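S.K.: Could you build all of it, start to finish, from the sequences and the hints given here?
1 is the number of the first residue of the sequence shown in full-length UniProt numbering; add one for each residue after it.
FYI, nobody ran anything at the bench for these hints, they're computed from the structure. Among the clues, some could well be false.
Straight-line C-alpha distance at most 27 Å; calculated DSSO-like pairs for lysine-lysine [as the list claims (entries may be wrong)]: (1) K291 - K338; (2) K37 - K326; (3) K384 - K326; (4) K291 - K312; (5) K165 - K215; (6) K432 - K505; (7) K384 - K311; (8) K470 - K41; (9) K311 - K245; (10) K37 - K470; (11) K291 - K271.
Remember, it's a predicted structure, so these values are computed and weren't measured experimentally.
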Amino acid sequence: MTGEAQHPYDGDSQGSGDEFDEVDSPARVIQPGEVVKAWDKLFNQGVYRTEHLLFCSRTAGVELSALHPPQAQIFRLWQLYLENIDPLLKLTHTPTLQARIIDAASDVTRIEPNLEALMFAIYCMAITSLNQEQCQAMFGTPRGDILRGYQLGAREALLNCGFLKCNNRECLTALHLYLISLKPETDPRSLSSMLGTAVRIAQRMGIDTEAVNAKYSVLESELRRRLWWSLVLFDSRIAEMTDFKTATLIPTWDCRTLQSVNDFSLRNEMKIAPAESANTSEALFTVVRSKIGDFTRHSPSHLDFVNPLMKKFVEKASATSFSELKDISAFESSLESKYLVQCDPQNPLHFITIWWARMFLAKARFAHHLATRSPNPEHETDEKREAGLTHARAMLECDTMLMSSPLIEGFRWIIYLHFPFPAYVHLTQDLKLRPLSDQADLTWQVMSDSCSARFMAINTKDSPMETTPKNPFFAIFAGVILQAWAAREAASIHSEPPWIVTQIKQRMVRMDQGAAEPPHEFAESDGGIPYASEHVDLGSLDSVYASTGSFPMASTEAPLSFDNMQWSWPAPNWGSMPGQGW
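M.R.: This is how it looks when you write it as structure tokens:
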């Protein structure tokens, strides 16, 4: 079929909200201008203003050595990084870096600039992986306060490196880690601009080009590849929240996927790459992520959202919709047989790899469903409709497994970045149209479990429901859910509200009661700062969505948008709530 892939929202890609309001159909699920205004409201506070992120001016009178923590804390932060960050990114080589950090900690006034920037970025990421209580217990300082101090140090250290023109991998790694640490409390539009800078630096360094990487030592070339894949996948996630058309996850570069090898198998003096580990390696998660990313960037359904013209670079771009589903199944079998079958679910790294892979396979099938479905719901077959709902539920079920497991508490920082909001929207739109369908009760249960794991079953001081009770994206999320429940109540006399509806209504009552109090935009965290919760990534409301009315399909030369998906949005956004879970 012809048409452009649609997402529920394309962020700010088309201008101000006022432009949309004049032409928006009443059938739209969420007006694009609504999200833009919510962003402006959420991130227009002084603490969230993002001009300084461009590093335009230095902070006067800052002695960088004074921003380093005491030596004992340096080693504690390094250990936290090794436990919570390194297994998921593998951007640094522990056997060689650890000795340098120990040496640097002995005299913080004489650290080489690139290493110093990397150390501050490591501090930032270590703190990012902690919750409020953990940070207070370990360091005696509110999480927000200590993080802002290290982010200041990272900015100053990056300026010392001349990072915009630097060709040093460690400097770029520091910039990348710093940007990840900013995500929970930064407008994704600003973060996207900064990521564009990082991607351009990487391209200038040739990290995206295999011929350039091959000129370096085995260790350096693999670290360059790891950095590129991490940067591209993070950029793709932020693009989902803002504008899919800016994504770098496209088939125009040739950086190789990652090797499954342990750090101790990579040495500076090596001339020939070691054989991949026959068993699972410590690089398991990064390897599987790179394989998924490589499959995604060659997927016609993904390119329908990003840039349909790119499908010309894909060998099977002209293949049928059915053959693409076969490709997904074949890729799934390959992942299972080569990597996942060897995983031990009791091992935290293996557990997150298993469920992360399954979530993104469900997402791939879901994206395919959105890209190939009929623009008119009435013309959609029951089989096609149920397939889309099954994939959406699978996304939420995998997310629930990841968010609810105590095994991977230290890894939740990366899960917070991937809230599957399009799945919620797709399911609720079907519940509005068919409130008493055979699978309706199952859908409500799956959404309730997901909401509980992501928003309620976390430390209260980190919960987006508590830290940011007036978060404008909560109102959007609540509206989507309550509209679906209203349809159920209208169709059935005896309807016991599901857990998710009960919780949302209770929260709205508390918000109404708080309206009589002196106005404030945000609740404060332990650190006394407005906290844009990181747990609900609804920020821009996932862009891979569009599903309520019927709209004519646009030319295949234009990116798919919500209008083609019956979402009533111009482009997809895969999970945008700003913050640690919102």
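S.K.: Against each hint, give a clear statement of whether it holds in the structure.
M.R.: Hint-by-hint comparison with the structure:
| no. | hint | in the structure |
| --- | --- | --- |
| 1 | K291 - K338 | 11 Å, holds |
| 2 | K37 - K326 | 41 Å, violated |
| 3 | K384 - K326 | 15 Å, holds |
| 4 | K291 - K312 | 21 Å, holds |
| 5 | K165 - K215 | 21 Å, holds |
| 6 | K432 - K505 | 18 Å, holds |
| 7 | K384 - K311 | 24 Å, holds |
| 8 | K470 - K41 | 11 Å, holds |
| 9 | K311 - K245 | 14 Å, holds |
| 10 | K37 - K470 | 14 Å, holds |
| 11 | K291 - K271 | 25 Å, holds |
Hint 2 from the list above is the single one not met by this structure.
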